[in-house]
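Read off the chains here:
There are 2 protein chains.
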Amino acid sequence: MLQTENYPSKALRDAVDAISCLPGVGHRSALRLALHLLKQPADKIHHFASAVSGLADNVHYCKTCMMVSDGDKCSICADQRRDHSTICVVESVRDVMSIEATGQYHGVYHVLGGIISPIAGTGPSDLTIKQLKERVNASTEVILALSGDVEGETTAFYIYRQIQSSGCKVTTLARGLGFGDELEYADAITLGRSILNRQEFKP
Amino acid sequence: MLQTENYPSKALRDAVDAISCLPGVGHRSALRLALHLLKQPADKIHHFASAVSGLADNVHYCKTCMMVSDGDKCSICADQRRDHSTICVVESVRDVMSIEATGQYHGVYHVLGGIISPIAGTGPSDLTIKQLKERVNASTEVILALSGDVEGETTAFYIYRQIQSSGCKVTTLARGLGFGDELEYADAITLGRSILNRQEFKP
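As they're listed, the protein sequences go chains A and B.
Okay, so the first sequence: first residue is 288 according to our numbering, each after it adds one.
Okay, so the second sequence: first residue is 288 according to our numbering, each after it adds one.
This list has only true hints and no planted wrong ones.
Facing chain A, according to a computed beta carbon distance under 8 angstroms, are these residues of chain B, among others:
#1 A305
#2 L322
#3 I332
#4 L342
#5 V355
#6 S356
Source of the hints: derived by calculation from the structure; they are not laboratory data.
From a predicted model like this one, the values you see are computed outputs, not experimental measurements.
The beta carbon of each residue, even a glycine, is placed where N, CA and C say it ideally should be.
With the hints as extra help, turn the sequences into a complete structure.
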């Protein structure tokens with residue numbers, strides 16, 4: 288076993304300590320990554336470091352939807368061809384990227400910045416629900432595109448209660464058997480919902 | 288699938304591109320790591336970046352053994368309690384750390400900086416074999432602590448040919464059944480060598 292104290296250089300130990308703070312990266316992997324970087328030319332290491340620094344210095348958040356952006360308005364909110372009366376509410380920046388990658392959605396987004404989770408200590412006030420409430424009055428539909436777990440369902444329910452008085456339509460993602468899934472491996476809850484929410488067959 | 292072109296911010300894309308150059312980190316993992324960093328306070332991101340920059344700016348190499356060091360002489364070469372007449376030849380910085388962690392070796396090291404590999408395009412002149420030859424005349428034993436694969440064996444043989452005229456003793460790591468290994472799962476070559484190199488039983 289490698290011991291933390293046995294690093295041959297303070298700079299190497301500092302780098303390993305920093306890298307091992309990343310999620311899913313242990314001390315062993317961090318050492319491997321640090322030694323890989325160490326073999327690179329100095330300008331490549333500096334480029335890596337400045338790209339990471341850029342996350343602190345050059346990333347802004349859209350003032351409307353809270354999405355990561357190059358300025359105060361993200362490219363989606365600035366796009367007049369999109370449907371600004373439909374708001375898709377998601378947990379994170381990553382979810383926006385996932386939905387954008389499908390190419391199936393043409394409305395705008397609202398990034399909550401988290402999910403209501405008593406275990407993680409995240410309450411409604413930690414999310415951008417207040418900003419969402421200010422936006423819904425000018426909208427016709429709010430899509431609650433949250434995860435299908437307990438936290439996601441709780442957050443969806445909380446938001447629904449907060450915005451239902453606005454009179455705008457509130458929808459949620461269709462749940463059911465995944466495309467290509469085999470019936471016998473589907474869990475009972477998913478399969479049960481798939482039957483309850485069955486749709487007309489359109490050949 | 289996430290597409291590379293769909294990043295909401297140039298700074299985020301730059302960070303993801305830089306992180307995905309690390310070995311074993313794909314674009315998806317790089318995005319996850321970048322978004323994790325993005326959630327951290329700015330000073331923590333800067334600390335991470337400067338720790339990585341330190342690899343280019345503050346890591347030195349020992350002029351004697353080529354080990355990573357804080358200055359021109361590593362702590363092992365500077366330690367007068369160690370046996371400077373025994374040189375353990377290893378491929379990389381990591382190997383030195385692994386052997387040091389065993390606490391069983393009290394000589395000094397020589398880091399080759401790689402291994403002879405025609406496939407990777409690494410020849411003897413890319414390694415620190417010339418510097419090793421200059422050191423062996425003042426030594427009594429050279430331990431070739433290289434991997435047990437073809438490249439390791441080739442490199443060991445090449446170095447042996449280069450230094451055998453110095454008259455110093457050349458040894459290699461004991462190969463055999465690992466501590467706690469079960470006989471039935473050992474491969475034939477390892478087991479065969481374990482039998483050939485059997486040792487006196489000392490209860």
